[in-house]
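Undergrad: Note that the protein sequences, when read in sequence, are chains A and B. Here the numbering used here is used: the first residue of the first sequence is 1, the next is one more, and so on. Here the numbering used here is used: the first residue of the second sequence is 1, the next is one more, and so on.
In short, the hints are calculated from the structure, not lab data. Keep in mind it's a predicted model, so treat the numbers as computed, not measured. We put the CB at the ideal spot given by N, CA and C, even for glycine. Careful: at least some of the hints might be erroneous.
[Claimed, not checked] Some chain B residues judged to face chain A by a derived CB distance under 8 Å, without partners named: (1) 7; (2) 8; (3) 19; (4) 23; (5) 76; (6) 80; (7) 176.
The chain contents come next:
Protein chains: 2
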Amino acid sequence: MAAQKGFTGDEMRRLLRRVRTATLATLNREGGIPYGSLVNLASDVDGRPVIFVSELAWHTRNLLADGRASLMASELPATGDALTGARVTVMGRFLPCAEERVRRRYLARHPEANFYAGFPDFAYWRLEPELIHAVAGFGRIETRMPDEVFPPAREMTETEDSAIAHMNDDHAEAVSRLARRLGGAAEEAWKIAAIDPDGCDLVAAGRSLRLEFPEPVFSAAQLRVSLARLSSSG
Amino acid sequence: MAAQKGFTGDEMRRLLRRVRTATLATLNREGGIPYGSLVNLASDVDGRPVIFVSELAWHTRNLLADGRASLMASELPATGDALTGARVTVMGRFLPCAEERVRRRYLARHPEANFYAGFPDFAYWRLEPELIHAVAGFGRIETRMPDEVFPPAREMTETEDSAIAHMNDDHAEAVSRLARRLGGAAEEAWKIAAIDPDGCDLVAAGRSLRLEFPEPVFSAAQLRVSLARLSSSG
Chain A
1 MAAQKGFTGD EMRRLLRRVR TATLATLNRE GGIPYGSLVN LASDVDGRPV
51 IFVSELAWHT RNLLADGRAS LMASELPATG DALTGARVTV MGRFLPCAEE
101 RVRRRYLARH PEANFYAGFP DFAYWRLEPE LIHAVAGFGR IETRMPDEVF
151 PPAREMTETE DSAIAHMNDD HAEAVSRLAR RLGGAAEEAW KIAAIDPDGC
201 DLVAAGRSLR LEFPEPVFSA AQLRVSLARL SSSG
Chain B
1 MAAQKGFTGD EMRRLLRRVR TATLATLNRE GGIPYGSLVN LASDVDGRPV
51 IFVSELAWHT RNLLADGRAS LMASELPATG DALTGARVTV MGRFLPCAEE
101 RVRRRYLARH PEANFYAGFP DFAYWRLEPE LIHAVAGFGR IETRMPDEVF
151 PPAREMTETE DSAIAHMNDD HAEAVSRLAR RLGGAAEEAW KIAAIDPDGC
201 DLVAAGRSLR LEFPEPVFSA AQLRVSLARL SSSG
C-alpha cells in the first residue's frame, strides 16, 4: 500500500459506515442509460456495502440483468458550496447475498426495514468493489483499490457473534450507558446488534445508533481492549 | 397528457429546481460501470437540468466519451426512513451548452461558482431528458415523458431578460423586500438574476435565494400578474 496523503482508505470506509443513504447507479435495462436511485446503506463486517431492495424497483430489475453498479455516499457541509464536502464512489458488481450475518447487520443499521423485511420481493445485495474514487473537497481527488478501503476483516468477522453476546449478556449496563451517551433514551433496553472494525450498531425499540471507534480495530485482541475501555468509560 | 395522480410532472420539475445538489450517473470510460458523482444543479428556463463541470473530473471525461447519463435529486425527511422521501431521476443525454443564458442562470443559482467560472477546464452541460422516473415515497412510483415534466417554456424564455431588467430597474425596493422575507440581509443590494415558470433566483454579495411561485407560470401575461402581486405584497 502506497503512503497515503489526504483522504485515506480507512476514512473512505468510515464515511461509508456513517452515512445512512447513498445513490445507487445501475445500467437501465432499456437503453443502458446509467440510472441513479436512492438506497439505504449498510455494510458487511469488512465494509463492503450492502443494500436491501425490491425486485419491483427499477434498480433491482437493472441489477438482475447486469450487476455492474456504483454507490456514491457523501457528507455535505451544512452551508456553502457542497463541492467542498467529502464523497466516495465505490464501483463494482452487486451480487445477491443470502448470508444471515448480512441480514442481521442490515437490520441493525436500518431497524425501520423490519416493517418490510419479510416481503418476498425484497433481497439483500452486496457490492463486490473493483475501484474506489473519492473527492475530499474541491479538487482533492483520490483513487483506491479495494484492499486499501476494504481490507479483509477475517478475525472481526469470526469474533463478531461472540463479542455481541458477551457485551449484551455480561455488560448490559455498560451498553445502555453507551446508548445514552449517543442520545438514546434511558428507559429503553439497548443491545449491540453489530460490530465491525469501525464501530458498533446499537438498537432498541426500532431505533438505531452508531458508535464509532476512535481508530479501526482489526483483531479480536484489539476489540476486547476497545470494548473494555468503552464499558468502563462514561 | 394523461390525468395525473400522485407525483405530478410539475412537482417533479419543482423539486429539481429547489435542490442545490444532485447525483450524476455516467458510464465510466473504462469498463462501462455506472459512476455516481456529486454535482451542483441549476436549470434552464424550461427546467432542463444544467451542470458546470471540469474536464479534469471523471464524470466529465465520461460525458465526453458518452453523453448518456442521469441526474437523481432527492428531498429526504429530517428523521425516519429516507425511503419515505421524494426523489426524481432524469435520464437522457448531456450536451455541452455555450449559451449565455445558461451560464447566467447557473451562476444565479450558484454564485459561489464565480470563483472558478473562468477556469478553462470548466464547461456547462445541459441534460436533454428522455425519461423521468420518480418515487414520491415508499412504493409510490411514477414514470413520465419529457414533455410532462419539462413542457416548452418559449414565452418565459423570450421574456426572461426584459422581466429581470424591469424588476431590478423599476422595483428595486420590492426585490429587496422579497429577499428579506426569504432571509436575506437588509443592507445588501439584492437583484433578480433568473426567472422561470417556477420562481426566481435573487442574488447579492455571493449569496443566492430562491423564491418559488405558488403555481407554475407559463405566459408573459401571467408572469406580469405574479410579479406585480409579489412586488405589492410583504
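Undergrad: Look at each hint and say if it fits the structure.
TA: Against the structure, the hints:
{"no.": "1", "hint": "7", "result": "14 Å, violated"}
{"no.": "2", "hint": "8", "result": "20 Å, violated"}
{"no.": "3", "hint": "19", "result": "10 Å, violated"}
{"no.": "4", "hint": "23", "result": "4 Å, holds"}
{"no.": "5", "hint": "76", "result": "7 Å, holds"}
{"no.": "6", "hint": "80", "result": "7 Å, holds"}
{"no.": "7", "hint": "176", "result": "22 Å, violated"}
In the structure shown, a violation is registered for the earlier hints numbered 1, 2, 3, 7, in ascending order.
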